[in-house]
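Residue numbers (this note's numbering), protein chains in the order written: chain F, 16 to 246; chain Y, 2 to 309.
Calculated from the structure, these hints are not laboratory results. Ideal Cβ placement from N, Cα and C applies to all residues, glycine included. It cannot be assumed that every hint is accurate.
[Claimed, not checked] Restraint-style ranges between C-beta atoms, simulated for each label pair:
no.: 1; chain 1: F; residue 1: E128; chain 2: Y; residue 2: M287; range: 47 to 53 Å
no.: 2; chain 1: Y; residue 1: R101; chain 2: F; residue 2: E38; range: 39 to 45 Å
no.: 3; chain 1: Y; residue 1: P127; chain 2: F; residue 2: T146; range: 39 to 45 Å
no.: 4; chain 1: F; residue 1: P179; chain 2: Y; residue 2: V91; range: 51 to 57 Å
no.: 5; chain 1: F; residue 1: S36; chain 2: Y; residue 2: L185; range: 35 to 41 Å
no.: 6; chain 1: Y; residue 1: A175; chain 2: F; residue 2: E127; range: 29 to 35 Å
no.: 7; chain 1: Y; residue 1: S96; chain 2: F; residue 2: A21; range: 51 to 57 Å
no.: 8; chain 1: F; residue 1: T146; chain 2: Y; residue 2: A137; range: 51 to 57 Å
no.: 9; chain 1: F; residue 1: Q142; chain 2: Y; residue 2: L8; range: 52 to 58 Å
no.: 10; chain 1: Y; residue 1: S96; chain 2: F; residue 2: P179; range: 41 to 47 Å
[Claimed, not checked] Straight-line C-alpha distance at most 20 Å; calculated EDC-like pairs for lysine to aspartate or glutamate:
no.: 11; chain 1: Y; residue 1: K93; chain 2: Y; residue 2: D197
no.: 12; chain 1: F; residue 1: K119; chain 2: Y; residue 2: D197
no.: 13; chain 1: F; residue 1: K166; chain 2: F; residue 2: D187
no.: 14; chain 1: F; residue 1: K18; chain 2: F; residue 2: E76
no.: 15; chain 1: F; residue 1: K166; chain 2: F; residue 2: D23
no.: 16; chain 1: Y; residue 1: K184; chain 2: F; residue 2: D187
no.: 17; chain 1: F; residue 1: K18; chain 2: F; residue 2: E43
no.: 18; chain 1: Y; residue 1: K184; chain 2: F; residue 2: D121
no.: 19; chain 1: Y; residue 1: K184; chain 2: F; residue 2: E113
no.: 20; chain 1: F; residue 1: K166; chain 2: F; residue 2: E105
no.: 21; chain 1: F; residue 1: K166; chain 2: F; residue 2: E76
no.: 22; chain 1: F; residue 1: K166; chain 2: F; residue 2: E138
no.: 23; chain 1: F; residue 1: K119; chain 2: F; residue 2: E151
no.: 24; chain 1: Y; residue 1: K184; chain 2: F; residue 2: E76
no.: 25; chain 1: F; residue 1: K166; chain 2: F; residue 2: D121
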Amino acid sequence: MLKLEAVDAGYGRAQVLRQVSFEAQAGEITCLLGRNGAGKTTTMKAIMGLLPLMGGQVRLEAEMLSALPAHQVPRCGVGYVPQGRRLFGELTVGQNLEVGRFSKPDNEGVLEEVLQLFPRLRERFSQRANTLSGGEQQMLAMARALSLRPKVVLLDEPTEGLQPSMIAAIRDVTETMRDQGVAVVLVEQRVEAILALADRAALLENGRMRGVVSGAEMRDDPSILAGHLGV
Amino acid sequence: MDFGPYLMLATLEGAVTAAVLALTASGLALVFGVMRVVNVAHGEFFMLGAVLAWWVTSWLDGYAALGFALALLIVPVMVGVLAALADVTVLKRLSYDPERTIVATIGILYILQQVTLMTYGPDARPVTPPFNTRLALPWVEMADTGLSLYWPWGLSITSYKLAVIGAAAGVLAALWLLMTRSKLGLMMRATEQDRDMALAFGIPVERVYALVFGLGAGLAALAAVLIVPIQQAHYLMGGDPLLLSFIVVIIGGLGSLPGTVLAALLIGLSDGIISVFFSPTLAKIMATVLVALVLVFRPQGLFGASRA
Ligand SMILES: Nc1ncnc2c1ncn2[C@@H]1O[C@H](COP(=O)(O)OP(=O)(O)OP(=O)(O)O)[C@@H](O)[C@H]1O
Ligand SMILES: [Mg+2]
Numbered sequence: 016m017l018k019l020e021a022v023d024a025g026y027g028r029a030q031v032l033r034q035v036s037f038e039a040q041a042g043e044i045t046c047l048l049g050r051n052g053a054g055k056t057t058t059m060k061a062i063m064g065l066l067p068l069m070g071g072q073v074r075l076e077a078e079m080l081s082a083l084p085a086h087q088v089p090r091c092g093v094g095y096v097p098q099g100r101r102l103f104g105e106l107t108v109g110q111n112l113e114v115g116r117f118s119k120p121d122n123e124g125v126l127e128e129v130l131q132l133f134p135r136l137r138e139r140f141s142q143r144a145n146t147l148s149g150g151e152q153q154m155l156a157m158a159r160a161l162s163l164r165p166k167v168v169l170l171d172e173p174t175e176g177l178q179p180s181m182i183a184a185i186r187d188v189t190e191t192m193r194d195q196g197v198a199v200v201l202v203e204q205r206v207e208a209i210l211a212l213a214d215r216a217a218l219l220e221n222g223r224m225r226g227v228v229s230g231a232e233m234r235d236d237p238s239i240l241a242g243h244l245g246v
Numbered sequence: 002m003d004f005g006p007y008l009m010l011a012t013l014e015g016a017v018t019a020a021v022l023a024l025t026a027s028g029l030a031l032v033f034g035v036m037r038v039v040n041v042a043h044g045e046f047f048m049l050g051a052v053l054a055w056w057v058t059s060w061l062d063g064y065a066a067l068g069f070a071l072a073l074l075i076v077p078v079m080v081g082v083l084a085a086l087a088d089v090t091v092l093k094r095l096s097y098d099p100e101r102t103i104v105a106t107i108g109i110l111y112i113l114q115q116v117t118l119m120t121y122g123p124d125a126r127p128v129t130p131p132f133n134t135r136l137a138l139p140w141v142e143m144a145d146t147g148l149s150l151y152w153p154w155g156l157s158i159t160s161y162k163l164a165v166i167g168a169a170a171g172v173l174a175a176l177w178l179l180m181t182r183s184k185l186g187l188m189m190r191a192t193e194q195d196r197d198m199a200l201a202f203g204i205p206v207e208r209v210y211a212l213v214f215g216l217g218a219g220l221a222a223l224a225a226v227l228i229v230p231i232q233q234a235h236y237l238m239g240g241d242p243l244l245l246s247f248i249v250v251i252i253g254g255l256g257s258l259p260g261t262v263l264a265a266l267l268i269g270l271s272d273g274i275i276s277v278f279f280s281p282t283l284a285k286i287m288a289t290v291l292v293a294l295v296l297v298f299r300p301q302g303l304f305g306a307s308r309a
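Required output: the full structure, derived from the provided sequences and hints.
Rendered as structure tokens:
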């Protein structure tokens, strides 16, 4: 579904990613693992077109994402939940969700759908996003990405800094998306979550691929994850 | 004239200044807010608005009202399109880098000024107002028999000045609706808050930038078209509106539209009143002192919320 082939990318002239290749399948959760600074967030920005590629390509089915201007990437069905949420803080919950729908303006019922997934957001609909609690903000970040009915969704540490009940809620939604056939790319640091969710994992180290392992391989021998997780 | 009527006259004159200043400054605030670009050429877009208004009205010599209406419609669009072109040919290539765009807009300032000098010349030229009836204004007086109205000599305003105040208020209201109620406004505000996330959710940020830069310049041009029948068009007239707009934007809180309008009222009205009662120089000194105080004690502006 989503395929990275030998992607080189970085900031300005500083190259971070070298020859990153992996594939995310529909209806599966692909984890992207690596220590702090390994280049996980950079990989997601490169997929979104927010960083110019220095080499390689990113494809979504037949579409060459890496040849499109960044604002057309979400139109192809890529939803992004960035690290640190990055909501439009001065806009209301409803307006954040409206921005989420810009890329697919024709889907009417989607607002009702995401509000059903996150009932808390319905109560907070007219509240400014930067007045929400951390957990609510993460829900809004997820809901905003789901508002474009993505085929692929990129989740960058969606449970960072959240309490257990929130983590469980985020995880439920992640599984629901997978069951609906979305290709989920997940950056996650907690071993138990990775073992429970991942269908496969791409391992990154210093911006380079250190292989792809399947969920079964990880569960047989969790020690292969050692050295590929942040603190 | 007694003090009361005199104060009212000064207030009305100040309101005209405030109205035009509010339009000009909100253009500057919009560009700074959404694009983080300090547009040093803003005053030249104002000047261009006045000069083009003279040019357009000169096509229809003898039909002052018609010529002015035409200028009001097309001059802001002309200036806006020119600014949008400057955005895509100059600012976009600098990746909107805050420092380099300052230098670039200084360059645009000189180009616009010198091209105007070469084509339009060094003269100040008037534009005939479309209508200009003098309206005498009444004042109340305490008489032995109770309150009574009378018309003090010299207390009057022209219908055109009243129309300027009304037009500016209408345009500002429309701008407010555009920013808060429309899809385009939502795109601009999302871009303002997080450019990368705006892109990641499908907002064509480069087009939004071109539009905002054009809209900002168009507002300055519109303000100039409105004021030119009172002030005359001249190729060096851009300096004052630029300086006053900066003062207003700083006092109002960078990028906040309601703050900008309130600050324009404060500066415009006090300028009118202090100029009439004391001297225009004192008015400028007071505005400068106010800016200094705001910068020291409330750098987020009098009306701006503090932002991290
Ligand atoms: N805006 C930037 N400009 C320059 N270098 C950057 C920038 N952002 C990240 N980097 C560098 O790129 C490398 C990879 O960073 P990245 O954010 O992708 O790591 P990460 O795997 O997401 O780490 P974490 O687990 O801490 O989120 C780091 O060395 C970092 O210093
Ligand atoms: Mg990261």
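Evaluated hints:
1. Hint check: E128(F) to M287(Y), Cβ distance near 58 Å, so the stated range 47 to 53 Å is violated.
2. At roughly 41 Å, the beta-carbon separation of R101(Y) and E38(F) lies within the given 39 to 45 Å, and the hint holds.
3. Checking the proposed 39 to 45 Å range against P127(Y) and T146(F) shows it is violated: the Cβ atoms sit about 53 Å from each other.
4. Evaluation of the 51 to 57 Å hint for P179(F) and V91(Y) yields a pass: the beta carbon distance comes to about 53 Å.
5. Taking 35 to 41 Å as the suggested C-beta distance range, the pair S36(F) and L185(Y) conforms, at roughly 40 Å.
6. The beta-carbon spacing between A175(Y) and E127(F), approximately 33 Å, falls within the hinted interval of 29 to 35 Å.
7. Between S96(Y) and A21(F) the beta carbon distance is about 27 Å. The supplied range of 51 to 57 Å is therefore violated.
8. At roughly 53 Å, the beta carbons of T146(F) and A137(Y) sit within the given window of 51 to 57 Å.
9. Q142(F) and L8(Y) have their C-beta atoms about 44 Å apart, which leaves the hinted 52 to 58 Å range violated.
10. Between S96(Y) and P179(F) the Cβ separation comes to about 43 Å, which falls inside the hinted range of 41 to 47 Å.
11. Only pairs whose Cα atoms come within 20 Å are accepted, and K93(Y) paired with D197(Y) is accepted, the gap being roughly 15 Å.
12. A threshold of 20 Å between alpha carbons decides the hint, and for K119(F) with D197(Y) the separation of about 19 Å falls inside it, so the pair holds.
13. The hinted pair formed by K166(F) and D187(F) meets the criterion: a straight-line CA distance of about 18 Å does not exceed 20 Å.
14. With a CA separation close to 8 Å, the supplied pair K18(F) and E76(F) stays within the 20 Å bound.
15. For the proposed pair K166(F) and D23(F), the alpha carbon gap of about 24 Å is over 20 Å, so the pair is violated.
16. The straight-line distance between the Cα atoms of K184(Y) and D187(F) is roughly 32 Å, outside the 20 Å bound, and the hint therefore fails.
17. With a CA separation close to 14 Å, the supplied pair K18(F) and E43(F) stays within the 20 Å bound.
18. Proximity of K184(Y) to D121(F) is assessed by CA-CA distance (about 15 Å); at most 20 Å being required, the pair is judged to hold.
19. At most 20 Å may separate the alpha-carbon atoms for a hinted pair to count; K184(Y) and E113(F) meet this at roughly 9 Å.
20. Among the hinted pairs, K166(F) with E105(F) is inconsistent with the structure: their alpha-carbon atoms are about 28 Å apart, more than 20 Å.
21. For a cut-off of 20 Å, the pair hint linking K166(F) to E76(F) stands: about 10 Å separates their Cα positions.
22. For the suggested pair K166(F) and E138(F), the alpha carbons sit about 28 Å apart, so the restraint of at most 20 Å is broken.
23. A C-alpha spacing of about 24 Å is found between K119(F) and E151(F), which places the hinted pair above 20 Å, so the restraint is violated.
24. This hinted pair does not check out: K184(Y) and E76(F) have alpha carbons roughly 31 Å apart, beyond 20 Å.
25. With a C-alpha separation of about 16 Å, the suggested pair K166(F) and D121(F) falls inside the 20 Å cut-off, and the hint holds.
Going down the numbered hints, you'll see the structure goes against 1, 3, 7, 9, 15, 16, 20, 22, 23, 24, while the others check out.
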